[in-house]
Structures are given as C-alpha cells and as structure tokens.
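Colleague: Each protein sequence line maps, in turn, to chains A, B and C.
For the first sequence, position 216 matches number 216 in my numbering, and the numbering has no gaps at all.
For the second sequence, position 735 matches number 735 in my numbering, and the numbering has no gaps at all.
For the third sequence, position 45 matches number 45 in my numbering, and the numbering has no gaps at all.
Since the hints were derived computationally from the structure, they do not count as laboratory data.
Being a predicted model, the structure only gives us computed values, none of them experimental.
We treat Cβ as the ideally placed atom computed from N, Cα and C, and that holds for glycine.
Some clues are possibly wrong.
[Claimed, not checked] Mimicking DSS-like on lysine-lysine, the simulated pairs with C-alpha atoms at most 25 Å apart in a straight line are:
#: 1; chain 1: B; residue 1: Lys19; chain 2: B; residue 2: Lys562
#: 2; chain 1: C; residue 1: Lys92; chain 2: C; residue 2: Lys115
#: 3; chain 1: B; residue 1: Lys56; chain 2: A; residue 2: Lys230
#: 4; chain 1: A; residue 1: Lys37; chain 2: C; residue 2: Lys2
#: 5; chain 1: B; residue 1: Lys56; chain 2: B; residue 2: Lys19
#: 6; chain 1: C; residue 1: Lys6; chain 2: A; residue 2: Lys56
#: 7; chain 1: B; residue 1: Lys8; chain 2: B; residue 2: Lys789
#: 8; chain 1: B; residue 1: Lys17; chain 2: C; residue 2: Lys2
#: 9; chain 1: C; residue 1: Lys92; chain 2: B; residue 2: Lys19
#: 10; chain 1: C; residue 1: Lys92; chain 2: B; residue 2: Lys726
#: 11; chain 1: B; residue 1: Lys312; chain 2: B; residue 2: Lys176
#: 12; chain 1: C; residue 1: Lys151; chain 2: B; residue 2: Lys17
#: 13; chain 1: C; residue 1: Lys2; chain 2: B; residue 2: Lys726
#: 14; chain 1: A; residue 1: Lys24; chain 2: C; residue 2: Lys151
#: 15; chain 1: B; residue 1: Lys19; chain 2: B; residue 2: Lys57
#: 16; chain 1: A; residue 1: Lys230; chain 2: B; residue 2: Lys789
#: 17; chain 1: B; residue 1: Lys572; chain 2: B; residue 2: Lys621
[Said to hold, decoys possible] What the simulated footprint calls covered on chain A by chain B, stretch by stretch (three residues with Cβ under 8 Å from a Cβ of chain B suffice, anywhere in the stretch; the number is not a length):
#: 18; stretch: 21-31
#: 19; stretch: 247-254
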Amino acid sequence: MYAFTYERPATAADAARLAAAGGKLLAGGQTLLASMKLRLAAPEQLVDLGAIQELKGIRREAGTLTIGAMTRHCEVAESAEVRADIPALADLASHIGDKQVRAMGTIGGSVANNDPAADYPAALMALGATVHTGTRQIKADDFFQGLFATALQDGELITAIGLPIPRRAAYVKFAQPASRFALIGVFVAQQGDGSVRVAVTGGGNGVFRHAGMEAALTRQFTPDAVAGVKTDEAEMSSDLHGSAAYRAHLVGVMTQRAVAQALA
Amino acid sequence: MGATEFAKLPHIGESLKRKEDVRFLTGVGNYTDDIVQAHQKYAVFVRSPHAHAIVKKVDTAAASAMPGVARVFTGADVEGKMGGLPCGWLISNPDGSPMKEPPHPILASKKVRYVGDHVAMVVADTLAQARDAAEAVVVDYEELAPVIDMRTAAKGPALHDEAPDNHCYKWTLGDKAAVDAAFAGAAHVTKLDLTNNRLIPNAMEPRAVNASYNRGTDESVLYVANQNPHVERLLMTAFVLQWPEHKVRVIAPDVGGGFGSKIFLYAEDVAATWAAKQLNCAIKWTAERSESFVSDAHGRDHITHAEMAMDKDGKFLAMRVHTHANLGAYLSTFASSVPTILYGTLLAGQYTAPQIYVEVDGWFTSTAPVDAYRGAGRPEATYVVERLVTRCAWEMGLAQDEIRKRNFITQFPYQTPVALQYDTGDYHACMSDAQKLADVAGFDARRKASEAKGLRRGIGYSSYIEACGLAPSNIAGALGARAGLFEAGEVRVNPTGSVTVFTGSHSHGQGHETTFAQLVAARLGIDPSQVDIVHGDTGRIPFGMGTYGSRSLSVGGTAIMKALDKIEAKAKKIAAHLMEASDADIEFANGEFTVKGTDKKIPFGQVALTAYVPHNYPLDKLEPGLNETAFYDPTNFTYPAGTYICEVEVDPATGVVRVDRFTTVDDFGVIINPMIVEGQVHGGVAQGLGQALMEHGVYDPDSGQLLTGSYSDYTMPRADNFPEFKLGHVCTPCTHNPIGSKGCGEAGAIGSPPAVINAVLDALAPLGVKDLDMPATPYRVWQAIQSAKA
Amino acid sequence: MKVELKVNGKAVTADVPPNTLLVQFIREHLRLTGTHVGCDTAQCGACTVIANGRSIKACNTLVAQMQGADITTIEGVAAPDGTLHPVQAAFKECHGLQCGYCTPGMVMSTIDLLKHHPSATEGEIRSLLEGNLCRCTGYQNIVAAVQTAQKTMAA
C-alpha cells in the first residue's frame, strides 16, 4: 500500500474532527485495507476508530437494540441480547465472511461502505433501523442510496445502529460460490402489527425493499403467499455467477425460505 | 526380490507419521520467500494489461531515476543476449513437419500476447520502491484484437508470425481407415461434445525466487519454488542463458504445492538469475496472488467431439475423437505433450475397444500458456472416455456399471490400439469393491428420500486408468521428448550405520522424506529414523528429472532400490570377508548378514563401520566405503486404475449440487505408506471435484482480460464443499519395478470429474437435461434445467 | 510510528511506517516466517494468527491496529521445550498437512475454533474453517485432526 499518516483518537469527537479535515475512517479494515493493498485506494490519512470506547457495546432499551458502530461481527453473533431479541441478526452476523473476518469487521464499517452484496444493509432496511451519527439520526430507508452510496456526509461518523426488535425475522443468503458474498440475500421481518418488510441484497444496484413481497406477506405471512411474486430482472445485475434472470429467480426462492425460517 | 516379497518387509504398508511435519507445524519450514540474503534487492515485473498488442516503446527513464532503483530491465536489454524459454517436447504433424515453435522471450520486445505477459523487470532496494518504480514504467502499446476462442483462432489475427493461422500442430494416433470401417458396421453410434474447462492451479505458495551471484566465485545460486531443480538448471543454462551448467546451483527448498505449475522454466526465474549476475547481488521475487493468476501456467482447456461405435450388446467396437487444445499464447515447457502423448494414448480406458482414432489440433490464443496440471492430459482423456461410456449406457438402456463390466479388459498384458501396453490390473475387482463401499444397493431408497424433500439424486461412475511413472526414455524420445525421463538415487551409508539418501525426486507435499525412508529402512533392516532423505538441490544430488507425472516412487524409488541392490551386493562381500565365508553363501535379511547353513551372523551396522575403517578388509579386491548411485530408466509406464462412484443431490430451485458421497477404489500396486497415499487421493479428488463443480479460468471474449483473476471469482474448494470421501484399495503389483508401485499422486484428479458430471446428469435426466459442461455451478445447472423445460 | 505489543508472550517495541501490515511486521521485522502469505485479497487464511484471543488475518490488519495487543503466531504454540500443542500433535497424527504452506494458518484457526466452539460437529468444523484454503489435503484429514484435538483437549 501507499504511505499514509495514522491517527488513533480516543473519542468520537476527535475522530469526527479528523474525518472532517479529510482523514479516512478505519473501522475493522477488512474492506478498506484490502483495497489499499491492491493500490486501488490511497487515503493520505487513516483515522483508526479501534480505541474509541464509546463506539462499542450493545444496549437494549424499550423495544430497540442499539449496537455501537465498532461492534465486531463476532460480538453481534455471540451477544446474548442479540440472540434473544433478534436471532436473525445474530445468525446473519455469524455468516459474514469467515471467522477471521468476523473478529475484525464491524457493523459500522459495513453499513458505511454499503457494498451491494453486503448482509447488514438488508438487515437494517428490513428491521427499519436508524443509523446514529455524531450529528443526526438517519432512517435506513433514507440511509442506503445505491451501491457504495449512503446519506453520510464527508467526515460524518456513524456512532451506533438502533434496531427495533421485530416479532419475527429471518435472513437467508445464497452465497456467490467464490467470494461467498450474497449473490442474493433476503431479510424478512414481521412487526407486531403484522406489517412486513423484505430487504434484498446482492441484486447489484444496492439493497432495496421488495414491495411485491412485502404486500403479499403483510396479507399472509407464509412461504406460499410469495410463490407467484416476481422480481424485475431489469433491477438485477448479471455476471459469471448468475444472470439477472437467475438472481431474480433466487429472490423468490430465498424469500420463501426466509419466511419458512422465520416461522420455524 | 520381487514386489510380493518387498511388500512383506517391515515398514512397508505402515502408516508411519511424517518426518516432515514437525518443521511445518511449528513454523520453521524453509520456503523460498522465507529466505533472506544480506543486501538482497527486490524485483517487480511490469506485465501487459492487453491480451494482444505491439510494444512500440518501453520508457524506463522515470522509473530508473526513482529512489532505490538499481535497474529496470526490458526486452531490449535481453534481446540477443539469451535464448527464449524452450519447449521440451517436439510434436510432429501427420506429414512429419514439426510443430510451430515461435520464440518465447524472457521479456517481451516486439509484442505482448496475453494479459500478464512479462514486459519489464524493476530491481530496487525495497519491495515498495520496486512497486512504485514499476508503476512509473511507461509502455506505449498498439492494441490488436485478441484471440480467445480456439474455434475461430484460425480467422483471428496471427499471434506469431511463425503460425499465421494460430495453429501450432495437428497430431493423430490410430488407424483411421479401420476405425471408419468399424463405425460403418456398428449397431449403434453414440456421439458427445465435451468441454474440459480451463483451470488455474493455485498452489497455496505463490511462485518465488531468490537468485544471487557471487563475482568472487563466478557462481549463481537460484532458490526457486520448483518441482525439478536439475531440469530447471539444464533448461536455463543450456537453452536460455548459455552459461556453464556447473556454475549454477538450483535449490528448491520447502515448496508449498506444485501440482505441475512449478515444473516449468518461467521467465521470472531466468530474468532474476541473469539480473543478479548483471548487478552482482541477490534478487528476491515473490508473486502476488493476482500475478500468479495471470502468469502461472494454466491447465486443461479442450473442446472435444467424441464418438463410440458399439455392437447390439454395448460392446465397444471403435472410438474416434477430435480435440481442439488450447496452448495459450506461447509453448510452455511440456505444453505440446499434454494434449497429445499424455492424452490420446489413454483413450482406450479400461476397455477392449479394438480401434481408436484421435486427432488433436493445438492452438495459440492470447491467454496464459497452458501446460501440465495434476493429471496432465489423463484427466482430459478420462473425462472423454467416462462421459462417453456413461452416455453409451443411457442410449443402450444399460446401467452405467453394466456397460463397463461388459467391456473391461481382463487379460494382461494388454496392448491397446493407442500405443500403450497395460501390464496388469483387476478392473472388475475395483468396480465391485467400489459398489459395495458406495452402498450402491441403497441408492434407490436414498433417491426416494431426496425426492420427498423436493431434491433430485443421481449416481455417476468413472472407471479410470492412467499412465504415469514417466517414463521410458527411448519411448519418450521416439514420441518427441527432448529429455530423458530416468531418475537418480544415491544411497550413502554413514560409518555409524545411518543412511543419507540423495534423490532426484522432489517433495512438495508428497512426504518422500517419510516414504523413501520407509523403503530404505525396510531393505536395510534399520529404523526409518536412521534414514535421511535429501532432495531439491543440484549441488548435492545426482542429475534427476524431478517430481510430476506420479513418478516419484515408481521411478525415483526404484532408482533407490537399484542403489540399494549395489549396497547390498558390496556389503555382502564385506560380510563374507568378515565371516571368512564365500560371497555366494552370504544372505541378508532383517538387517543381518548370515552364512548359509551356519549360525554365523553380523549386523548391518558392523559392515557399515568396516567399510569406512577397512582394517579387516579385502582391499585388494574391494574399495572401501559404502556409497552407491543408480540411475533408473523405466521399461514402461505404470497404470494405476480404479472405479470412482459419486452420488449427488441437486436442488432444482437453486441449481446447487451437493456431493453426498464420493467413493474411490484405486489399484496403485504396492503401497508403502497408506496414510500418505490416501492423502494424495483426498487432495486429487478435491481438485477433481473443484473442476467439476466450481473452478473455471475465464477470459473475456472481447477484451481478453482474465475475468476470474482472484478468489472473488475463481472458486476454490473449501472445507464445507465436501463430504468425507470413502477410499478402498485393490492391489495388482506393477510387474516391471521391484517395488510393485504404480503411483498415486494424480489419480484422484483424473478419475473424479466424470463421476461427478455423470451423477449430476443422472439426477437431472427426469427433468429433461441431457448434457452439461463443467463446472456444474448452481447457475449453470439451473440454466440447464430451465432450457430443458423450454 | 512506535508500536508496542506482545508477540508469543514477549513484549515487542518497534518504530515502523504506519502502512506496515501485521504479517510484514511478523515476517520481516520479527523474522518469524512461520506465518505465510498466500494471496493478496485476504481470502486464503495462510496468514492467520491469534490476536487478543481471536483468529484474524495478519495480511489484512495494520500492526498499528494491534497497538497493545496480545498476538500468538505459530512459533508460539508449542511448549518452550518443543512439546507439541494438542492441535499440532493431532495434525501430525492425522496427516492433516502435506506441503505445509497453509498449515500454520490452519493450526491457528483450529486453536481459535476449538476455543470458541469446543463441541463443533463435523459440519460446523467444515464451516468454521471456510476462511482457510488448502490445496493439498482435500480437507478430510484436517477435519479429522480437529476432531482428534477436540477429544484430546476435552479429556
């Protein structure tokens, strides 16, 4: 990698100041460092968030789980609170990358990056989560704006993710066989009032909510209810590992499996 | 002694734990990148980003001026000062004319012919400085259209002036007229079109060199991750650099896997060795993985049309095969032989087909050179034969095992119509053992259970045979080999009775330090801990040809056996003298020399010491010392064979193929260390399943870019892709080496792919799917199901 | 920049450029070459070490991120007198290695696996090893080694 200067602030405020001045935030590094090693990214300054205590921790308050931005995937997977309240999220976290990646990668880093095949964005969209930054709170629907694009302003630092606890939820990921990122991943969440959100990742243009699936499942939360619901191929990308038609087909299959899992 | 007697010796058939393991398990292995030389410099290669282009100018001015840069070498620096990379096997066209052999320059000067082609080498004090300078080398390319598809290569721009239609050679084998006649009279003809997918070897250790030169002694030392250091040295000094062979030492230390990809003489090896002399320093180069993807020799890549003529009972009468083989942009070291000699001669399979005709066209394309990769031609042949045979079964309404049993060879030795003579085998035994081990009887019940869950289940057979233990030199030479294929073994008995063995074979995972020690210990009646095996250093070992083609035990081990014969013969003379008996009355067994008909005996250790302290010794008749060398040239190939059975479960909703069980029964002849042999089968099967289900080296047809250039797109098998494999063995000892060994290193990769695809097609037949190419990825399986519905 | 951390039980201090990867620090500065580099996309696991009790990829971590951390590499696994750790002994017993290149990473990954999932089933073991590529063994004897170590360490 190219040379850079390095800061390791102790507080979120210090980190935000450095980021506002042009520093690149370093969370777990699992994505950023990989691209820097290939010389595809060349930030002049890295701001390591690893020492900031206030960005860690998982809290449960009145129907919401709040997860600190620097919480590692393995911590989400093993958290007693997450496993009790949103087991689908623990399950999702336990299948991100491999266990070495899970020891370093963070929820904040994943969400800020918004890789079109990442898992967390689907969870946040489907659970109706809120992204907390140093200055404001952003609803998931507004936060994710297409592949690698978010509502974050330059230098804005995610501090925590607030996740409403659903009645039931499940995440099913069909892995791209080589990278094992989601070729298609579907997160289904049903709230107490029977409303359902369905978020799809892997399609290629960034995580999106599937209106057709949501309508069908809100009427009836069963796998059969979505058997005929189609996904627009035009929204799907096409590559070696699957055509747009294949991806569209998988959305249907994975949604059905997610519903079955949520009901189990 | 014969193989049967040998097999009964102590330590033969023992799963001795490996001597290699402690250093690997504790992190003190010595791989080439671990080697650090004082004041070493670092090399980075500038590679072509284009599949086909004219190199108009290479501007190194800026790069050369950058901090720490020693030199930037380009094609202009090496042109005229050295030869190009040689090809070691001459293939001739039917009219006797030789194959096209365009030059393969160390650094490109006029043209680049594949993405990754080597253009310049930067040498600097640190790796970072070399990388920075490499980015500053400016190459002016004039892009030309790439040639990616073999089927249209003849129409594309010529990659080489020497081959205006990109055709390297046509090779044929067999009696075409007799084959055509047999087809004319056949009751049924089955036809099949097959693709054998391009693979990228991906040994876990990337290629690496550390080359140094000492001006004071005029000696070069090349540490290189390589499978055959003597061959590397010979090719480099004699054919490329024209340096005195004896002034270059090549050392292949611990090597992290090869699978064929580390056989070849590569440009980087030559460039670093040559540059080290120019700069009077040491130069370290280690490939980045993304660099390995584009610059290691790739494997396979055939397109084949095959036909089988049968009588009404499914007996094979004749086979004809036409294959287009992709050689890549240049001829790599063994490339020409892989789709010809190592391929066409295996088309008889385990069967008594009287007539076979094969025609192979070798093509240049603007892709990475293609050469031997685990199996080297035999997986390609087995894929054709075993896919075709199963297709014949389905068309004839016969079960997959039944058609094979009707055609198995049962009389040995058996002369095939494609040059090879199989020495021995028991194909029926392998088949029946495999069927038992695979619980074929329970398949129908398992299929019903799968269907109840909405899944499809299928079973697939592959009865493979291969030719390895390369090779009888005179036969190889007659077939175009430019090298011999003997092996060397030197057995040095030390005065205190321990033994050091120098072998021309090379272990890059195969465990020779253990297996060969067992062999020597068995013969001399000592403990394997008393035997050290030395390999991988031209400075210590007599000239050997290295390890590939499953030859190490059959050829390298036999060379050691021959050296041991000499040791035993001499030791008997010493023992005779010590026991005042005649040479003819001395017997040697269990580490002791005895006099026939008496109870006189002395242990091996005493004879060893006497050889080096020759006081009571027949000095007038016998030299002191106990140190013998043998070179062994095999009289035939060896022929491991077996039956593999694969059972898969397919999810039609997603196309995912899950291998539910995989069973192998192999006949490797006499086995010295069953644990090590089974490890070879596991690894080979894993690579075969990888080929069948997930691996594929893909170039973009328009740009010629390698689309699968990292582990994000090239699917490597991981632990959760496989079930536990079930292994069985049959033993018909090889008749022509004293060990009775047939070799086992490649069989797993050879026999497995057709078993998998046959199983997938068996599973999907009810859905109307008739054919499927490798890799059977979820997407491709799903597509096949959709197409069948349409 | 100055880094201070513990490696194999020993305190280590060094002055290195910020862009030093942990694997470079280990291989080049500390001259511990048992940790290997097998790829440039953090997907092969040959570089796996243990940091603060968890397996991580040393090629995809800056040594700066490991300020104050407690790192164990393959060289720190056996006892000082050379007695193999049960995981190392199990790999030897089960022939869980051939060329040895993936082995240090595989051993470190296994130590972490058995610490956090001591009762893992065969399927779970295979899944938990998905971050470690092996090209030689077909994984079968590696899984057997993990299961053998599992029994030894539970006893």
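Colleague: Just to be careful, I want the Cα atoms of lysine 92/C and lysine 115/C compared with a cutoff of 25 Å; is the pair within it?
Modeller: holds (20 Å)
Colleague: Given the hint that lysine 151/C pairs with lysine 17/B, test it: the Cα-Cα distance must not exceed 25 Å.
Modeller: Since the Cα atoms of lysine 151/C and lysine 17/B sit roughly 19 Å apart, the hinted pair holds (cutoff 25 Å).
Colleague: Given the hint that lysine 56/B pairs with lysine 230/A, does the C-alpha gap stay at or below 25 Å?
Modeller: violated (53 Å)
Colleague: Does the alpha-carbon distance linking lysine 37/A and lysine 2/C stay inside the 25 Å limit?
Modeller: holds (21 Å)
Colleague: Check whether the Cα positions of lysine 230/A and lysine 789/B lie no farther apart than 25 Å.
Modeller: holds (19 Å)
Colleague: Does lysine 151/C sit within 25 Å of lysine 24/A, going by the straight-line distance between their CA atoms?
Modeller: Given pair lysine 24/A, lysine 151/C is violated - Cα atoms ~46 Å apart, limit 25 Å.
Colleague: So if I understand the rule, the pair passes when the alpha-carbon distance is 25 Å or less; does lysine 8/B with lysine 789/B pass?
Modeller: Not OK: lysine 8/B and lysine 789/B at ~59 Å, beyond 25 Å, violated.
Colleague: Can you confirm whether chain B covers the stretch 21-31 of chain A, using C-beta to C-beta distances below 8 Å and requiring at least three such residues?
Modeller: violated (count 0)
Colleague: Take a quick look at whether lysine 572/B and lysine 621/B sit within 25 Å of each other, Cα to Cα.
Modeller: Distance ~13 Å between lysine 572/B and lysine 621/B Cα, so the pair holds.
Colleague: Keeping to a limit of 25 Å between CA atoms, is the pair of lysine 312/B and lysine 176/B held or broken?
Modeller: Distance of about 22 Å is within 25 Å: holds.
Colleague: Hey, lysine 56/B versus lysine 19/B, does the alpha-carbon distance stay inside 25 Å?
Modeller: At roughly 54 Å apart (the allowed maximum being 25 Å), lysine 19/B and lysine 56/B break the hint.
Colleague: Against the 25 Å threshold, does the CA-CA distance of lysine 19/B and lysine 57/B hold or violate the hint?
Modeller: violated (53 Å)
When each numbered hint is compared with the structure, violations occur for hints 3, 5, 7, 8, 13, 14, 15, 18.
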